[in-house]
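*Asks:* Sequence:
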Amino acid sequence: MNDTDSEFVVMAWRELLARHAEVTGALERELSDRHSLGVSEFEVLERLAEGNTTEGCDGAPKFRVQELAAQVHLSQSALSRLIARLEREGLVSRSLCEADRRGVFVYLTDAGRRRHDEAVPTHRGVLSAHLFPHLVNGSRCLGTERDTAKRSHESSTVSSTVSSAVSGAEGSTVSGLVSSVQSRDEKRHEDRPAVPAPGPVRQ
Numbered sequence: 001m002n003d004t005d006s007e008f009v010v011m012a013w014r015e016l017l018a019r020h021a022e023v024t025g026a027l028e029r030e031l032s033d034r035h036s037l038g039v040s041e042f043e044v045l046e047r048l049a050e051g052n053t054t055e056g057c058d059g060a061p062k063f064r065v066q067e068l069a070a071q072v073h074l075s076q077s078a079l080s081r082l083i084a085r086l087e088r089e090g091l092v093s094r095s096l097c098e099a100d101r102r103g104v105f106v107y108l109t110d111a112g113r114r115r116h117d118e119a120v121p122t123h124r125g126v127l128s129a130h131l132f133p134h135l136v137n138g139s140r141c142l143g144t145e146r147d148t149a150k151r152s153h154e155s156s157t158v159s160s161t162v163s164s165a166v167s168g169a170e171g172s173t174v175s176g177l178v179s180s181v182q183s184r185d186e187k188r189h190e191d192r193p194a195v196p197a198p199g200p201v202r203q
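Each residue of the sequence shown is one higher than the one before, starting from 1 at the first, in our numbering.
These are computed hints drawn from the structure, not numbers from a lab.
One should not assume that every hint holds.
As the list claims (entries may be wrong) - Taking CB as the label site, the calculated pair distances span:
| id | residue 1 | residue 2 | range |
| --- | --- | --- | --- |
| 1 | Leu96 | Val9 | 46 to 54 Å |
| 2 | Arg85 | Leu16 | 27 to 35 Å |
| 3 | Gly25 | Glu118 | 41 to 49 Å |
| 4 | Ser36 | Asp3 | 42 to 50 Å |
Small disclaimer: the values here were computed from a predicted structure and weren't measured.
Quick reminder that beta carbons are idealized off the backbone N, C-alpha and C, glycines included.
Turn these sequences into a full structure, and let the hints steer you where they fit.
*Replies:* Okay, structure coming up:
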């Protein structure tokens with residue numbers, strides 16, 4: 001990686017950090033003011049509401065804490081404290097399964113599902129307001145790059161085709177000239193008068 005590439009990577013990383021801070025800050029304000037939820041709390045409710053979970057002993061969809069921690073990018077200790085807060089508010093519940101001692105199950109309560117449903121429009125609205133313009137611009141840049149690459153490929157193809165055609169035409173012309181010269185030489189040879197054979201030499 002040269003110096004130019006290194007600088008570009010650093011700039012991209014700083015832009016990513018700035019964008020993340022901007023969106024996270026906006027989400028924290030809106031979710032907290034309107035729904036008394038933090039970003040991580042909403043993410044936990046979202047994963048539980050999506051239903052991609054392990055079925056518990058009673059057949060209800062549930063998450064193990066270890067599975068949930070990996071999806072919301074929190075340590076197990078941090079997630080345990082967050083779940084405890086949500087449980088005190090009646091939004092989630094924890095249970096143990098006697099048939100499976102591998103961990104604690106977490107599931108969404110009816111109150112938690114309602115809170116999540118109410119917060120979804122706010123969450124999506126913030127994401128759209130802060131990310132959609134950048135996604136559109138990025139898509140346009142990618143589209144421009146694809147168009148440029150396509151035009152370059154088409155230009156290269158046309159140039160190659162023209163070059164081949166010219167080379168073929170030049171080859172045909174040279175062959176035609178050679179054949180013409182050969183035919184002309186043969187005709188001259190045929191039209192040339194025959195030289196009579198010498199007669200006997202007189203003594």
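*Asks:* Compare the structure with each hint and give your call.
*Replies:* Hints, one by one, checked against the model:
1. At about 47 Å, the beta-carbon gap between Leu96 and Val9 stays in the expected band of 46 to 54 Å.
2. Our hint of 27 to 35 Å for Arg85 and Leu16 holds, since their Cβ atoms are close to 29 Å apart.
3. Take Gly25 and Glu118: their Cβ atoms lie about 21 Å apart, and the range 41 to 49 Å is violated.
4. At about 49 Å, the CB distance of Ser36 to Asp3 agrees with the hint of 42 to 50 Å.
When each numbered hint is compared with the structure, a violation occurs for hint 3 only.
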